[in-house]
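Q: Sequence:
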Amino acid sequence: MSYGFSFNEMKKIFKPTPKKKEWGHVLEISKRNEYGLEQFFIKKNKIQPLRYHLKKEGTLFLEQGNIILRTKNTKGKKSIVEMIPGNTFHIPSRTTYSIAGLTKSVAYFFSNGFQTKDLHYTETTKKAKNSFKKSMNLVKKNKAKPKNTSDFRKKYWGSIETIVDKNYCGKKIVMKRNTQNSLEVHCNKHETYFVHSGKVKIGLRIDRAENKSVLLKKGEVFNIPPGLIHMKIAPQNCVIMEISTKDDDSDSHLVEDGTKYVHKEN
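Numbering (this note's numbering), first residue to last: 177 to 442.
Quick caveat, the hints were computed from the structure, so don't treat them as lab data. Be aware that one or more of the hints could be misleading.
[As the list claims (entries may be wrong)] Pair ranges (Cβ atoms, derived): (1) K219 - L391: 29 to 35 Å; (2) F328 - E432: 22 to 28 Å; (3) F190 - G252: 37 to 43 Å; (4) P261 - I189: 24 to 30 Å; (5) K302 - N184: 48 to 54 Å; (6) E185 - T435: 18 to 24 Å; (7) K394 - K253: 49 to 55 Å; (8) R384 - D433: 19 to 25 Å; (9) K231 - K302: 26 to 32 Å; (10) N306 - N343: 37 to 43 Å; (11) N184 - L430: 23 to 29 Å; (12) K309 - T279: 14 to 20 Å; (13) F328 - R384: 15 to 21 Å.
The beta carbon of each residue, even a glycine, is placed where N, CA and C say it ideally should be.
Please take these sequences and the hints and turn them into a complete structure.
A: Listed below in structure tokens is the structure:
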């Protein structure tokens, strides 16, 4: 199991650099072949130009703010979606979409993988402003409804809710200060954590059954490969976005009970 990993090998923490745009910025959090995760920060009254992906599909999740999502499917049908925090909306490949910020907003795009040169634009930023105004006339006729997250579970340490559950899986994890979950291991699942807010310590049982940990701060990323024994410990309130391969409860194996276990480091 995890004893095949060395701590020096696994302790790497990543912090993606924001790519500034006229409408805000984008963070490329995970760019794996199996799954991808991006964060969109959209300024108030700013608009993304319409774009589409040839192969990539994904689910947009609004964490903060209030946005208008414009979409046009492959049959040419246009729609307008107003989203508030907790809303999700699935965007298939080849569907054009654009986000406009009614307020300063933060959205996450959970996808089935990262493909280079897969993103294409159908309008400029300047043209987006004009087309957005025209699109707003569609609100009454073609207003689509967003969905909410599913499988919300309260835990003794906070909560976990599913954003998307396909061959790739996205979750929002909220942890209360001075809590922890159980020490566990997955045989098949590969997962990536992104700290949206606060701090979280990732406890590891690694090398020759040694207990170690890494501390993640806001904006930082950590990867958990299959076979790595791990747990989450919250020194303060935190929100974590998790993107992973297919999630299966039968693939989660308890190593130590989080209600009783103390992660004492070697």
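Q: Evaluate each hint against the coordinates.
A: Status of the hints after comparison with the structure:
1. Between K219 and L391 the CB atoms are about 31 Å apart, so this pair conforms to the stated range of 29 to 35 Å.
2. Distance hint for F328 and E432: a CB-CB separation of about 25 Å, consistent with the stated range 22 to 28 Å.
3. Hint check: F190 to G252, Cβ distance near 40 Å, so the stated range 37 to 43 Å holds.
4. For the hinted restraint 24 to 30 Å between P261 and I189, the CB-CB distance of approximately 27 Å keeps it satisfied.
5. Separated by about 49 Å at the C-beta atoms, K302 and N184 satisfy the suggested range of 48 to 54 Å.
6. About 30 Å separates the C-beta atoms of E185 and T435, a value inconsistent with the hinted range of 18 to 24 Å.
7. A hinted range of 49 to 55 Å for the beta carbons of K394 and K253 is inconsistent with their spacing of about 39 Å.
8. At roughly 23 Å, the beta-carbon separation of R384 and D433 lies within the given 19 to 25 Å, and the hint holds.
9. In this structure the supplied range 26 to 32 Å holds for K231 paired with K302, their Cβ-Cβ distance being about 28 Å.
10. Distance hint check for N306 and N343: the Cβ-Cβ separation is about 38 Å, which falls inside the suggested range of 37 to 43 Å.
11. Between N184 and L430 the beta carbons are some 27 Å apart, a value that agrees with the proposed interval 23 to 29 Å.
12. Under the hint 14 to 20 Å, the C-beta atoms of K309 and T279, about 18 Å apart, fit the expected range.
13. In this structure the supplied range 15 to 21 Å is violated for F328 paired with R384, their Cβ-Cβ distance being about 39 Å.
The earlier numbered hints that this structure contradicts are 6, 7 and 13.
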